[in-house]
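S.K.: Kindly generate the complete structure, drawing on both the sequences and the hints.
This is what each chain is made of:
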Amino acid sequence: MVDEISQFKVALAAALAQGDDGGAVSRVCGALAEALPCDGVAVTLMMSDMQRNTVFASDEVIASFEDAQYTLGEGPSLVALTESRPVLVLDFANPSSAARWPGLAQEIATLPTASVFCFPMRFGVINVGICAFYRRRAGPLSATEISFVLDALELTMLVLLQLRGGGDGESLVGRWLAVDGYSRRRVHQATGMLMGQLGVSAESAFARLRGRAFAEGTGIEQIADDIVNRGLLLEPDPARRGGDPPGP
Amino acid sequence: MELADTLVGDFDVADLLHRLVQHVADLLDVDAAGLLLNDHRGNLQLLASSTEATRLLELFQLQSDEGPCLDCFHTGRQVAVPDLQAVVDRWPRFVPAARECGYLAVHALPMRLREDTIGALNLFSASVGAMPPRDVQVAQALADVATVGILQERAARHREIIVEQTQAALNARVTIEQAKGLLASSGLGMEAAFESMRQYAESGGYRLADTARNLVEGRLRPSEVTSVSRTSKQ
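Taken in order, these protein sequences are the chains called A and B.
Numbered according to numbering that gives the first Met the number 0, the first sequence spans residues 0 to 247.
Numbered according to numbering that gives the first Met the number 0, the second sequence spans residues 0 to 233.
Derived from the structure by calculation, the hints contain no laboratory data.
This structure is a prediction, so every number in the text was calculated from the model and none was measured.
There are no misleading hints in this set.
Each computed SDA-like pair below joins lysine to any residue, with the alpha-carbon atoms no more than 20 Å apart:
#1 A/Lys-8 <-> B/Arg-40
#2 A/Lys-8 <-> A/Asp-179
#3 A/Lys-8 <-> B/Gly-41
#4 A/Lys-8 <-> A/Ala-177
#5 A/Lys-8 <-> A/Gly-216
#6 A/Lys-8 <-> A/Glu-144
Distance ranges between label pairs, derived from CB positions:
#7 B/Arg-92 <-> A/Thr-143: 24 to 30 Å
#8 A/Gly-72 <-> B/Ala-79: 48 to 54 Å
#9 B/Ser-185 <-> A/Gly-165: 26 to 32 Å
#10 B/Thr-74 <-> A/Leu-231: 39 to 45 Å
#11 B/Asp-88 <-> A/Gly-21: 57 to 63 Å
#12 B/Asp-115 <-> A/Gly-138: 15 to 21 Å
#13 A/Arg-174 <-> B/Ser-222: 31 to 37 Å
#14 A/Asp-179 <-> B/Ala-52: 16 to 22 Å
#15 A/Val-54 <-> B/Pro-131: 54 to 60 Å
#16 B/Asp-88 <-> A/Gln-50: 54 to 60 Å
#17 B/Arg-218 <-> A/Thr-70: 28 to 34 Å
#18 B/Thr-74 <-> A/Gly-138: 25 to 31 Å
Every residue gets a Cβ at the ideal spot worked out from N, C-alpha and C, and that includes glycine.
M.R.: Written as structure tokens, this is what we have:
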């Protein structure tokens with residue numbers, strides 16, 4: 000699994016390196032779609048006005064599935080979005096799925112979406128969006144597949160955040176988050192501290208953290224540690240002095 | 000009791016786990032309690048602890064690599080260490096770290112339902128000696144209630160529910176860390192920041208995870224939280 004994740008990092012780096020910045024989101028999502036253990040992938044982003052925007056669908060099937068959910072206002076992606084948790088539907092033909100989402104079950108009856116897996120992409124209150132993917136056969140993801148999906152989605156989320164913040168996606172490459180619980184905790188604490196110091200949203204604070212790490216040629220964890228344990232203060236961003244209000 | 004009540008109606012895994020460690024620390028003669036869950040990415044992650052002293056958090060989290068919680072998680076069985084000094088060879092990093100925090104004995108109890116172990120409850124004591132069997136039973140019973148609550152006793156989709164619930168709890172924990180940082184930016188330490196948030200939630204009857212989210216999303220002012228906790232201390 001380590002190898003698959005390394006391969007995915009290489010694929011992400013390649014997607015960021017080629018072509019214009021405008022197509023970067025599609026190329027990154029395309030790399031994700033290639034890597035996930037499934038038949039089709041959709042990525043829906045939460046925009047700053049809390050509107051949803053399905054920015055990528057690898058085929059017509061998952062595009063129709065997402066469209067049906069958002070039109071009807073019911074389905075696993077919406078549950079994943081509102082409850083901030085994965086929703087794993089092993090068999091859409093199972094009566095319990097139909098009972099849960101009757102309108103959707105009817106709408107997608109002719110689609111080959113036997114199983115559908117929806118994962119939120121978020122860090123606490125930083126909400127990037129949802130990734131939904133399907134398989135033509137019913138049944139669960141294996142433990143190794145789940146582990147890979149969670150890792151791959153975190154990497155994708157970091158890239159999407161970087162692109163959304165107007166940052167250079169390539170500056171993230173080689174600067175992913177460490178996996179150990181302790182340094183992750185510090186990154187999230189530092190995000191909160193920067194929110195308070197700079198009067199900005201969680202997403203902007205996290206962007207400052209990444210930007211500083213890149214500027215200093217160090218890891219995000221190292222900057223977080225300097226902020227939490229050594230009292231490092233970051234200057235307000237000159238481009239938007241005064242900051243933006245915390246939260247939506 | 001209160002813990003069982005939370006299983007009915009509006010259910011929130013992160014909050015349930017915080018209550019669990021709080022109850023264990025209040026009811027039993029232990030000096031610290033913490034709870035780690037499998038994150039499905041190859042690590043045990045600390046979800047809740049009775050106090051949030053930085054060194055103690057490190058000690059809990061260290062057990063993603065070695066220690067009684069990791070062994071308990073892998074075997075699905077209780078691990079009792081009445082005297083840490085006797086097992087320094089077994090866990091060369093964990094034992095010195097625990098002793099540095101002032102702990103001399105440790106227990107790890109599985110969060111387990113049938114074949115599935117989802118994590119472990121970790122209890123530390125500042126004195127050498129085995130926990131009384133009755134206390135172990137109480138702690139295990141509380142852990143079992145919480146586990147059943149998380150898994151909702153459904154035979155079907157068992158594994159999927161574990162993944163869904165654990166990821167929800169992990170994300171809630173991230174929000175709590177963000178909120179700790181926000182509160183700490185006014186000069187509080189991380190431990191005091193957590194404590195003031197916990198007291199605010201408790202005194203108002205709010206869920207900890209909701210309080211954290213309201214803070215980080217700007218619906219609740221940090222000063223409201225810190226002023227309540229200051230009042231309740233007097």
